[in-house]
Amino acid sequence: MPDPVVTVHDFTKRYGDFTAVDDISFEVHQGEVFALLGPNGAGKTTTLECLEGLRKPDGGVLSVMGVDPTREPRRLRNLIGVQLQTSGMPDNITVREAMNLFSAYHRVAPRLDLLDRVGLDGKLSTQYEALSAGQKRRLQLALAVAHNPPVVILDEPTAGLDVQSRVELHSLISELQGQGVTIILSSHDMAEVEKLANRIAILLHGRIVAAGSPRELTTHGAGLTKISIQTERATVSELTTLPGVTQRSARDGYDIYYSTDPAATVLTLLEHVKKYGDTLIDLRVERPSLEERFLEITGGKEAIS
Amino acid sequence: MTAFAHHFSFEFRAGLRNRALVLLNILLPLGFFLLGGALMTGVNPTFYQTLIPAMVFFAVLVSTMLGMPDVLVAARNAGIFRSFHIHGIPELSILAMPALSTLFRVVIVALIMVLLAPPLFGAEMPVNIWAFMLSFLLLVFACLGLGLLLGVVSPNANATVMMAQGIFVPSMLIGGLMMPTSLLPDALRSVSWLLPTTHAMNIANALAYGREAALSPYISALALLAGGVLAIGLAAYLFSWDQQHETRRGSPWLGLLALLPYVLVVLAQAVGGG
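As given, the protein sequences belong to chains A and B, one line each in that order.
Numbering-wise (our numbering), the first sequence opens with residue 80 and increments by one.
Numbering-wise (our numbering), the second sequence opens with residue 497 and increments by one.
Isolated chain A, as found in the complex (with noise of 0.2 Å):
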C-alpha cells in the first residue's frame, strides 16, 4: 500500500482542563473521501484546524503529505485546499477581488473557470454578504481549490444548505474526487457521509469509536438487517414471535423488525400473510443504516445534529 497523504497518530488536544480529541489515530490515502462524522463537540473541527494548522495540537503526530503543520506552515498552504465551517471572509469583497487575492497569494493566475464551474460567473462583481448562504460555500470551495491542491479538508461542506445547493456540492466534491484529490471532511450528516466517504470514522467525546468503510460500519454492528413491511389490513401485526428478530417498531404504516435471519423472517411474515388473506403493500430488506448504525454505538444517547 502506498503511503498515506494524511497521518494522525495518537493525536491530543486539550482546551484548559477539557480533553478535545483524546489520543485519536488515522491515515487517509490518495484520491479517498475520508469522513469525520460526529455530534457538535466530538472533536471534528478541532481535529482538522490541527491539520490545517490553525492549533497546536497538544499530542501526537500530525503529517499532511509529510509536512508537519504546525513546523511548516508555508509549506503546509500550497498542500491544502480549506473550506472553513464558518465563513470568514470580508462582507465587501467581491466575487472577482477574492478570487484574484487569494489565487495571488498562492502564485496561481485567478481561476475564473472554477467560478463558472460553481455557477458565479454571473455574480463576479457581487460582494460577498450579497450572496446566498450555498453562493457562499460554493465561492469558498471554488477559493479552496484554486491552486489545484492535492488535499482538499471541507469543515461542514453542506451544513445550513438548502437541498439544490447540496447536490451541487456534493457534485463537486465528487469530480474533486474523481481527479485523484484526496478529501478530509467533518460533517454530522449521516446520509451526505454515507454517499460521499469512502471511509468513515465516527468521532464521540474526542475518541474514534467506529471506522471503516460505510457498508462495513453499517454491516459490523449487531449484524441485524431491517425488515419492513406494510400490507393492507395490517395483519402482522398480530406477530408476537418471529425467527431471528431482536426488535421490532412501527413507523409510518409499517410494521419494522430487526433480524439476524432475514429468510426465516421474511418467509415467516409472508406466509402470515398468504395465511390470513391479506394483500402485501411493500416489503423492503436493508441494512441498517449508518444512523441507526450511530444510534446503536452511541446507545442512542447521542444526537447528531
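The hints are simulated quantities; they were obtained by calculation from the structure and are not laboratory data.
All residues carry an ideal CB built from backbone N, CA and C; glycine is no exception.
Warning: the hint list may mix true and false statements.
[Stated by the list, open to error] Just the calculated beta-carbon pair ranges, DEER-fashion: (1) A:GLN109 - B:THR498: 31 to 39 Å; (2) A:VAL242 - B:PHE600: 42 to 50 Å; (3) A:THR205 - B:PRO586: 37 to 45 Å; (4) A:GLU151 - B:ASP682: 55 to 63 Å; (5) A:THR205 - B:LEU721: 41 to 49 Å; (6) A:PHE97 - B:SER678: 55 to 63 Å; (7) B:ALA764 - A:VAL140: 48 to 56 Å.
Given the coordinates of chain A, assemble chain B onto it according to the supplied hints.
Same frame as chain A, now just chain B:
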C-alpha cells in the same frame, strides 16, 4: 500584479465601500475642518496660526485611532484572519494593508486641508513645508502603530472604543490641537507629553513654523519614531489569527510597552525640572 498589489488594491477599495471608514477617515475630518476652521478662528483669533497642523493631526488621530482598530478587531473576530491564514496571507500583510490604506486616505485628506485652509480661513502655511511633512509622517507612523496595536490586543468592539477614546479624548483636550499646551496647568502639561499629538505639534511649531518649542523637537521626533517602532513591533508580536488567541505570543498587557518612549520623556522632564 503581485499579491501585495492585489491586496492593497482590494483593501483600498474595501475602505471606500465601508461607510464607517469613509465617515471616520474622510467625512468627519473634512467636516470638522470646515466647521472648526470657521468657528475656531472666530473664537480664537490666533487659531489660524496652528489651524493646518491641528486639523491635519486631528484627521490622523481619527483615522488611525477610531477607524482602523475596529476594522482589525471585527475582521479577526469574524474569522476573516483565519480564512486569510489558510490561503497563505502572512500576518505582516494583514497588519500592513489596513495601515497603508489608512495612510493613503489620510494623505489625501491632509492635502485637501493644506490646500484649502489658507484661502478659506486665512490659515498660516508652514514656513518649512518639509518639516511639516516630517511632523505629519512621524505622527502617522506613531498613531498607525498604536492603532494596529489596539486592533491586535482589543478583545471586542466595546473594548476597542474604550481604549481608542483613552488616547483620542486626551489628545483632543490636552494634546495641543485645540489650544497650545503652554496654556495648560503644569501637571496637565507634563501629562500631555504622553500623547503623540503633543510631540507632533511641538515638532510642527518648532521646525515647520519656526516658533519657540516647549521641548527639543528632536526629542519629540525620537519619541514618535521609537513609539511607532515599538507599537508596530508589539502589534506583530501579539498578533493572533482568531479570537481564541491560541497563537498569540504574549500577554496583551505587553502592549503598554508602546507608551514607554512617551513615559520616558515625561520622566526626563520631571527629573530635569520641566
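These are the hints, each one checked on the structure:
1. A:GLN109 - B:THR498: 31 to 39 Å: For THR498 (chain B) against GLN109 (chain A), whose Cβ atoms are near 33 Å apart, the range 31 to 39 Å holds.
2. A:VAL242 - B:PHE600: 42 to 50 Å: At 46 Å between Cβs, range holds.
3. A:THR205 - B:PRO586: 37 to 45 Å: 28 Å, violated
4. A:GLU151 - B:ASP682: 55 to 63 Å: Given range 55 to 63 Å: holds, Cβ gap about 58 Å.
5. A:THR205 - B:LEU721: 41 to 49 Å: 44 Å, holds
6. A:PHE97 - B:SER678: 55 to 63 Å: 59 Å, holds
7. B:ALA764 - A:VAL140: 48 to 56 Å: 54 Å, holds
Figure legend: structure checked against the earlier numbered hints; the only hint not met is number 3.
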